[in-house]
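Peer 1: The lines below spell out each chain.
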Amino acid sequence: MEKAEFEPRVLAFCCHYCAYAAADLAGTMRIQYPPNVRIIRTPCTGRIETEYLIKAFETGADGVLVAGCLEGGCHYTSGNLYAKRRVQYMRDMLEEMGLEKERLHMVNISAAMARPLADAVTDMVETVRKLGPSPLGLRIGDCGLRIERDAAANPKSEIRNPKLEKTS
Amino acid sequence: MIVAERKKIPELLDIVREHQRLLVLGCGTCVTVCLAGGEREVGIISSALRIASRIQHVDLAVEELTIERQCDNVFIEQAADAVERNDAVLSLGCGAGVQAVAERFHSKPVYAGLDTTFIGILEEQGIWTEKCAACGACVLHEYGGICPITRCAKRMLNGPCGGSREDRCEVRADSPCAWQLIYARLKEIGQLDKLRRIAPPKNWSRSLDGGPRLIVRQDHRI
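Residue numbers (our numbering), protein chains in the order written: chain A, 2 to 169; chain B, 273 to 494.
Pulled out of the complex, with its shape left as it was, chain A reads as follows (with noise of 0.2 Å):
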């Protein structure tokens, strides 16, 4: 893929409480943030564990934000504060395994601030484009295929890929 025709592909990982609703806001607001991320929405982002990380980057994500609230305006009190350790510990880990820790980044926002969110939607995808794809070359359609692969390596894996399954 040239990279010219790049499009990063983001995961967020929105807490229910703040970026999720901020998003929403946006959207009410009709501020526009690039449609290359896709939003998943957590209780709190203190429910993400180190494996839902990971797992994104293998499947093939370019890049995952992870937003919780301000720090001290948690609405489980720290759920936030041990995700940005999480977080750091993953950025760590990708350093390891050969990826650039940028593509992994946490920012703390309120419901309130829609704005913040569309600006750092569009700076975790700049910073993605600049990186370029993941190298694990993974191509949309590339997921599926690799998670059947791996799940019939692996057959107690419960990472299944419900399209193949239905089709067989």
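These aren't lab readings, by the way, just hints derived from the structure by calculation.
Treat the hints loosely; a few may be bogus.
[Claimed, not checked] Keeping only pairs whose Cα atoms sit at most 25 Å apart, straight-line, the calculated PhoX-like set for lysine-lysine is:
hint : chain 1 : residue 1 : chain 2 : residue 2
1    : A       : K131      : A       : K102
2    : A       : K85       : A       : K56
3    : A       : K85       : B       : K459
4    : A       : K85       : B       : K280
5    : B       : K279      : A       : K102
6    : B       : K459      : B       : K426
7    : B       : K280      : A       : K102
8    : B       : K426      : B       : K474
9    : B       : K280      : B       : K380
10   : A       : K56       : B       : K280
11   : A       : K56       : A       : K131
12   : B       : K466      : B       : K403
13   : A       : K56       : B       : K279
14   : B       : K474      : B       : K403
15   : A       : K85       : A       : K102
16   : A       : K56       : A       : K102
17   : B       : K380      : B       : K279
18   : B       : K279      : B       : K403
[Claimed, not checked] Over the 10 Å line for every Cβ pair with chain B, so calculated as not near, a few chain A residues:
hint : residue
19   : F7
20   : A27
21   : R31
22   : N37
23   : T51
24   : E59
25   : L71
26   : G73
27   : Y77
28   : T78
29   : K85
30   : V108
31   : P117
32   : D124
33   : E127
34   : G133
All C-beta atoms in this analysis are idealised placements derived from N, C-alpha and C, irrespective of residue type, glycine included.
We have chain A; now place chain B onto it with these hints.
Peer 2: Same frame as chain A, but now just chain B:
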């Protein structure tokens, strides 16, 4: 419990790079509790190996499995089929687990994915401390339940050394002086007189210095 740490991914990849099909085998006992080699860590390390191998163009398929206990043949047996269909095993058990698995499967290379570190306890969430050196001749009754072998940097049986600052060890400032702890504890339980006794040199032949240790219980033999 036994406490271990995961090896870094580049080291792990170097260990397994010559194989095409790898079984990452976790252990559901001590290393699960110390968050180093349980089912979750098997998933994380397997994903990391898949990513790293793909980036480095190493052909590697990784299978994941966690058994209840790697240091027990009854449980190791449950991994037989998975071991059979792979070229090698990366064990996330402690050193004993790795060796037990290797002894059971003669024809498969079994590698250690963790650095087994010490016998210790969970001090608080995410912090483990060393408490026992398995020296083979326990002296805890003499020292108010605080082990001078493990917790004194100089392993002094007749301490303190005189180098401690306040209640901190001179070797590591973030570590309490074991002898300060021993004194405080013996005072608390009214056994300070125990410190009047001069402890003789310890018999280290019951530790690793006497070679690998063996316990035989004839009353339990069948």
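Peer 1: Confirm or reject each hint.
Peer 2: Evaluation of the provided hints:
A C-alpha spacing of about 13 Å is found between A:K131 and A:K102, which places the hinted pair at or below 25 Å, so the restraint holds. With a C-alpha separation of about 18 Å, the suggested pairing of A:K85 with A:K56 holds against the 25 Å cut-off. At most 25 Å may separate the alpha-carbon atoms for a hinted pair to count; A:K85 and B:K459 exceed this at roughly 43 Å. Our distance criterion of 25 Å between C-alpha atoms is met by A:K85 and B:K280, whose separation comes to about 21 Å.
For the given pair, B:K279 sits about 19 Å from A:K102 by alpha-carbon distance, which is consistent with the 25 Å threshold. The suggested pairing of B:K459 with B:K426 holds, with an alpha-carbon distance near 22 Å, which does not exceed 25 Å. Annotation: proposed proximity of B:K280 to A:K102 holds, straight-line Cα distance about 16 Å (limit 25 Å). Proposed proximity of B:K426 and B:K474 is supported: the alpha carbons are some 14 Å apart, at most 25 Å.
Restraint check: the Cα-Cα separation between B:K280 and B:K380 comes to about 23 Å, which is no more than 25 Å; the hinted pair holds. Between A:K56 and B:K280, the direct Cα distance comes to roughly 18 Å. Compliance with the 25 Å bound is thereby established for this hinted pair. A distance of roughly 22 Å separates the Cα atoms of A:K56 and A:K131; the hinted pair therefore holds under the 25 Å criterion. Annotation: proposed proximity of B:K466 to B:K403 holds, straight-line Cα distance about 21 Å (limit 25 Å).
At roughly 20 Å between alpha-carbon atoms, A:K56 and B:K279 fall within 25 Å of each other, so this suggested pair holds. For the hint linking B:K474 to B:K403, the alpha-carbon distance of about 18 Å falls within 25 Å, and the restraint holds. As the CA atoms of A:K85 and A:K102 are separated by approximately 14 Å, the hinted pair is consistent with the 25 Å bound. With a CA separation close to 15 Å, the supplied pair A:K56 and A:K102 stays within the 25 Å bound.
Straight-line distance between C-alpha atoms of B:K380 and B:K279 comes to about 21 Å, which keeps the hinted pair within the 25 Å bound. Proposed proximity of B:K279 and B:K403 is supported: the alpha carbons are some 22 Å apart, at most 25 Å. With a least beta-carbon separation of about 17 Å from chain B, A:F7 lies farther than 10 Å from that chain, consistent with its non-interface assignment. The Cβ of A:A27 sits about 32 Å from the closest Cβ of chain B, beyond the 10 Å cut-off, so the non-interface label holds.
In this structure A:R31 is separated from chain B by more than 10 Å, as the shortest Cβ-Cβ distance comes to about 38 Å. Listed as a non-interface residue, A:N37 keeps its Cβ farther than 10 Å from every Cβ of chain B; the least gap is roughly 21 Å. Under the 10 Å C-beta cut-off, the non-interface status given to A:T51 relative to chain B is violated; the minimum distance is some 6 Å. Annotated as non-interface, A:E59 brings its C-beta within 10 Å of a C-beta of chain B; the closest such distance is 5 Å.
With a least beta-carbon separation of about 24 Å from chain B, A:L71 lies farther than 10 Å from that chain, consistent with its non-interface assignment. With a closest Cβ-Cβ approach of about 21 Å to chain B, A:G73 is found to remain outside the 10 Å limit, as its non-interface label requires. Annotated as non-interface, A:Y77 keeps its C-beta farther than 10 Å from every C-beta of chain B; the closest such distance is 16 Å. For A:T78, the requirement that its beta carbon stay farther than 10 Å from each beta carbon of chain B is met, with the minimum near 15 Å.
A:K85, annotated as away from the interface, keeps every beta carbon of chain B farther than 10 Å; the closest lies near 14 Å. For A:V108, the condition that its CB be more than 10 Å from all CB atoms of chain B holds, with the nearest at approximately 24 Å. Remark: the non-interface label on A:P117 is consistent with the geometry, its nearest Cβ contact in chain B lying 31 Å away (cut-off 10 Å). Against chain B, the non-interface label of A:D124 holds: every CB pair exceeds 10 Å, the least being about 24 Å.
Every C-beta of chain B lies more than 10 Å from that of A:E127, the closest at about 23 Å, which supports listing it as non-interface. Interface exclusion of A:G133 from chain B stands, the closest Cβ pair being 13 Å apart, more than 10 Å.
Violation of the numbered hints given earlier is confined to hints 3, 23, 24; the remaining hints are satisfied by the structure.
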